[in-house]
Amino acid sequence: MYVALQVVFWSCLALGLYPYAGYPLVVALLARLRPRPVARSPITPTVTVVISAYNEARHIEATVANKLAQDYPADRLDVMVVSDGSTDGTDDLLRAMAAREPRLTWFRQEPRRGKTAALNSLVERARGEIIVFSDANSMYRPDTVRQLVSVFADPEVGYVSGRMIYVSPDGSVVGDGCSAYMRYENWLRARETLVGSIVGVDGGVDAVRRQLYRPMGDDQLPDFVLPLDVVDQGYRVVFEPTAELCEDALGQASAEFRMRVRVALRALWALRSRAHLLNPFRRPLFAWQLWSHKLLRYLSFAPLGAACVINLLLAGQARLYSALLAAQGLFWIAAWGGSRGSRFAPARLAYYFVLVNAASAVAFVRFMRGEKQVLWQPRLG
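Sequential numbering from 9 applies to the sequence shown in the working numbering.
Note that these hints are calculated values from the structure, not bench results. For each residue, glycine too, the CB sits at the ideal point set by N, CA and C. Please note that a few of the clues may not be correct.
[What the hints assert, rightly or not] What follows is a set of in silico ranges between Cβ atoms, one per label pair, in the way DEER data are often shown:
hint, residue 1, residue 2, range
1, Ala77, Gln336, 49 to 57 Å
2, Ala22, Gly337, 43 to 51 Å
3, Pro110, Pro150, 17 to 25 Å
4, Asp79, Ala310, 28 to 36 Å
5, Ser330, Asp79, 25 to 33 Å
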């Protein structure tokens with residue numbers, strides 16, 4: 009019994025930590041051994057920036073102005089916005105801006121159907137060869153569009169994702185943890201790009217060749233499903249770190265938790281709808297990436313939770329397991345401190361790690377119940 013518990017413990021611990029540590033190490037090694045660089049060139053195809061907005065009166069004017077002011081030929085860039093049943097005056101602001109700016113067009117989606125339906129309608133109307141996706145509160149650096157577009161000089165590239173920078177002026181716990189998480193994700197995406205394609209993008213700063221866009225169901229996650237569809241069509245999905253956006257980090261743990269639950273839930277449904285890409289006999293490398301970076305990470309709460317429980321049973325049997333239990337206790341104390349606003353960086357990271365995995369657990373339960381989420385409230389900074 010003791011030996012069996014040891015085997016189960018180490019298996020669960022390895023499986024739970026693999027998506028966060030083992031997979032990135034293997035990807036980094038592959039990127040060194042056989043890199044696939046991406047070609048870049050200062051090309052200027054026509055670009056349409058598309059934005060879905062619901063009750064974004066606080067941000068929409070600044071966001072649209074930010075896109076229209078991009079360092080890109082004005083006659084080759086336009087902006088399209090859909091107001092998804094807004095009730096806070098967003099429509100009035102868009103109407104006034106469109107009257108002043110001929111490069112801005114907008115329309116209202118009624119009844120409210122969510123971001124994915126809005127994007128389907130926008131791309132159908134767009135004139136650009138390249139479609140750039142922006143959130144209603146995303147602020148780009150002046151050259152972000154130019155940097156995104158330059159990567160399409162590589163004919164193998166079908167989708168490009170930029171770098172999101174979370175801004176947390178008050179140093180809030182979740183904001184800091186989220187920033188560290190994004191630094192880790194961006195490091196991983198840079199190496200996945202050298203391997204072939206990245207798994208997962210930032211929906212507020214990404215772009216696709218218009219001819220590769222496939223309309224999606226209202227309940228599907230465009231930030232995940234569309235890149236999968238691009239890979240399925242034989243093109244690369246890559247990360248371009250010089251294409252930057254700044255976005256306010258969520259200041260409340262409850263808001264961050266709800267967002268993480270929503271993203272994880274929709275990602276699980278996306279994986280189910282594109283399950284053929286998990287088949288290692290179709291695209292072995294990308295299937296391994298998809299299993300490792302997404303599916304196993306979303307499910308890592310289960311083996312990690314089991315390892316925690318089994319550690320309790322083994323603690324009295326050997327010093328190693330007693331030491332591991334003590335380390336586990338320190339981790340939970342640090343996470344508790346992070347939840348109480350500790351300024352200690354490891355405490356903030358421990359808390360965010362717990363938050364992300366708890367959100368994945370909730371999302372998995374909702375997924376097993378058959379629940380889907382199409383509509384949600386805007387992020388609150």
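To see whether the hints hold, each was checked on the structure:
For Ala77 and Gln336, the hinted distance range of 49 to 57 Å is satisfied, since their beta carbons lie about 51 Å from each other. At about 21 Å, the beta-carbon gap between Ala22 and Gly337 misses the expected band of 43 to 51 Å. The hint said 17 to 25 Å for the Cβ distance between Pro110 and Pro150, and at roughly 21 Å that hint holds. The given range of 28 to 36 Å is broken by Asp79 and Ala310, whose C-beta atoms sit roughly 47 Å from each other.
The hint said 25 to 33 Å for the Cβ distance between Ser330 and Asp79, and at roughly 60 Å that hint is violated.
In the structure shown, a violation is registered for the earlier hints numbered 2, 4, 5, in ascending order.
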